[in-house]
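Participant: Sequence:
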Amino acid sequence: MDINRAKQILSSPAEIGVQYNGVSIWIDEIKEAEETAIVHLIGGIEEQTEVDIANLKEVE
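For the record, in the sequence shown the residue sitting at position 2 is 2 according to my numbering, with numbers rising by one throughout.
What the hints contain is simulated information worked out from the structure, not anything from laboratory work.
Fair warning: there could be bad hints in the mix.
Stated by the list, open to error - 20 angstroms max Cα-Cα, derived DMTMM-like pairs, lysine to aspartate or glutamate: (1) 31 <-> 47; (2) 7 <-> 58; (3) 7 <-> 29; (4) 31 <-> 2; (5) 7 <-> 28; (6) 57 <-> 32; (7) 57 <-> 28; (8) 31 <-> 50; (9) 31 <-> 58; (10) 7 <-> 32; (11) 31 <-> 52; (12) 57 <-> 34; (13) 7 <-> 34; (14) 31 <-> 46; (15) 57 <-> 29; (16) 57 <-> 2; (17) 57 <-> 35; (18) 31 <-> 60; (19) 7 <-> 35; (20) 7 <-> 52; (21) 57 <-> 15; (22) 7 <-> 60.
Make the full structure from the sequences, and use the hints.
Facilitator: Rendered as structure tokens:
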């Protein structure tokens, strides 16, 4: 995924599916300078982790 799409998903009122390594996640924050995102698992522990935006995948 590119950083612009990640920002669109983060600001969208719609629920847009995103996965990281095949696991559904929520994007909590975008760190534009580092090209990373702070994410957490959907329905899981609220623990956040920082991942490369390039490794995120939009799903239908």
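Participant: Look at each hint and say if it fits the structure.
Facilitator: Now the hints, each set against the structure:
1. For the hint linking residue 31 to residue 47, the alpha-carbon distance of about 17 angstroms falls within 20 angstroms, and the restraint holds.
2. For the given pair, residue 7 sits about 12 angstroms from residue 58 by alpha-carbon distance, which is consistent with the 20 angstroms threshold.
3. A hinted pair counts as satisfied when its Cα atoms are at most 20 angstroms apart, and residue 7 with residue 29 qualifies at roughly 9 angstroms.
4. Pair hint residue 31 plus residue 2 holds up; C-alpha atoms about 13 angstroms apart against a cutoff of 20 angstroms.
5. A distance of roughly 10 angstroms separates the Cα atoms of residue 7 and residue 28; the hinted pair therefore holds under the 20 angstroms criterion.
6. With a C-alpha separation of about 17 angstroms, the suggested pairing of residue 57 with residue 32 holds against the 20 angstroms cut-off.
7. Straight-line distance between C-alpha atoms of residue 57 and residue 28 comes to about 15 angstroms, which keeps the hinted pair within the 20 angstroms bound.
8. Distance hint between residue 31 and residue 50 is fulfilled; the C-alpha atoms sit about 9 angstroms from each other, no more than 20 angstroms.
9. Restraint check for residue 31 and residue 58: satisfied, since their Cα atoms lie roughly 18 angstroms apart, inside the 20 angstroms limit.
10. A C-alpha spacing of about 9 angstroms is found between residue 7 and residue 32, which places the hinted pair at or below 20 angstroms, so the restraint holds.
11. With a C-alpha separation of about 10 angstroms, the suggested pair residue 31 and residue 52 falls inside the 20 angstroms cut-off, and the hint holds.
12. The hinted pair formed by residue 57 and residue 34 meets the criterion: a straight-line CA distance of about 18 angstroms does not exceed 20 angstroms.
13. For a cut-off of 20 angstroms, the pair hint linking residue 7 to residue 34 stands: about 14 angstroms separates their Cα positions.
14. Taking the CA atoms of residue 31 and residue 46, the gap is about 19 angstroms. The hint holds against a cut of 20 angstroms.
15. About 16 angstroms separates the Cα atoms of residue 57 and residue 29, which keeps this hinted pair within 20 angstroms; it holds.
16. A distance of roughly 9 angstroms separates the Cα atoms of residue 57 and residue 2; the hinted pair therefore holds under the 20 angstroms criterion.
17. Our distance criterion of 20 angstroms between C-alpha atoms is met by residue 57 and residue 35, whose separation comes to about 14 angstroms.
18. Between residue 31 and residue 60 the CA atoms are separated by roughly 24 angstroms; this puts the pair beyond 20 angstroms, and the hint is violated.
19. Between residue 7 and residue 35, the direct Cα distance comes to roughly 11 angstroms. Compliance with the 20 angstroms bound is thereby established for this hinted pair.
20. Of the pairs offered as hints, the one joining residue 7 and residue 52 holds, with about 13 angstroms between alpha carbons and a cut-off of 20 angstroms not exceeded.
21. Distance hint between residue 57 and residue 15 is fulfilled; the C-alpha atoms sit about 14 angstroms from each other, no more than 20 angstroms.
22. Under the criterion of a C-alpha separation no larger than 20 angstroms, the hint pairing residue 7 with residue 60 is consistent with the structure, at around 18 angstroms.
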